[in-house]
Amino acid sequence: MDKVIFLDRDGTINIEKNYLHKIEDFEFIPGVIDGLRILQDAGYGLIIITNQSGIARGYYSEQEFHELTKWMLNELDKNDVHITDVFFCPHLPNAEVVKYRKICSCRKPLVGLFEKAVKKYSIDLASSFAIGDRIRDISICKNTMCRGFLVGESEDRNVIEAVKTGKYERVLYANNILECSKIIIG
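Residue numbering for the sequence shown follows numbering that gives the first Met the number 0, starting at 0 and increasing by one per position.
Bear in mind the hints are in silico, worked out from the structure with no lab data behind them. A couple of the hints might just be wrong.
What the hints assert, rightly or not - In the DSSO-like style, the derived pairs of lysine-lysine whose C-alpha atoms are separated by at most 30 Å in a straight line are:
{"#": "1", "residue 1": "K98", "residue 2": "K163"}
{"#": "2", "residue 1": "K115", "residue 2": "K69"}
{"#": "3", "residue 1": "K141", "residue 2": "K118"}
{"#": "4", "residue 1": "K2", "residue 2": "K181"}
{"#": "5", "residue 1": "K98", "residue 2": "K119"}
{"#": "6", "residue 1": "K98", "residue 2": "K166"}
{"#": "7", "residue 1": "K77", "residue 2": "K2"}
{"#": "8", "residue 1": "K163", "residue 2": "K141"}
{"#": "9", "residue 1": "K181", "residue 2": "K163"}
{"#": "10", "residue 1": "K21", "residue 2": "K98"}
Make a model of the complete structure from these sequences and hints.
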């Protein structure tokens with residue numbers, strides 16, 4: 000695999016809901032499935048990179064995260080969208096659940112999960128993109144040739160404006176994944 004789209008989950012693929020972990024609460028953002036299919040059909044692998052601090056906070060279990068992920072991947076598969084892999088960080092330095100209490104290199108904005116994906120799939124970052132609703136979700140773009148998109152309105156207004164006015168190198172703004180896909184494909 001040489002080119003991928005790194006995708007945040009909450010606020011990027013699904014509507015942001017605090018510590019989402021129940022299938023009945025999951026809602027795809029309108030246009031996301033079409034956008035992912037466009038990117039996939041253009042030859043991009045799709046890899047989800049997600050922080051899941053709700054696990055460390057004790058709001059839901061790792062098993063519940065995996066159940067929701069399995070359901071989401073199945074729904075995407077039904078729509079001919081195939082996710083290559085999902086990488087997640089359940090850690091927090093001050094976690095309620097001791098098992099997850101640590102300072103790690105995988106919690107975005109750190110790039111440990113991105114690096115793990117690059118190594119596992121031999122990804123060409125110069126041909127790849129990262130998409131997320133927070134600037135931390137596209138942190139791989141800061142010191143690599145990976146390009147990124149900040150999407151939606153979740154991020155601080157000043158950061159959104161800075162992205163829109165070109166103050167972040169290799170990062171553009173788009174309303175959603177569908178819009179990103181049209182820009183990427185050109």
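Hints violated by the structure (listed by number, smallest first): 1, 6
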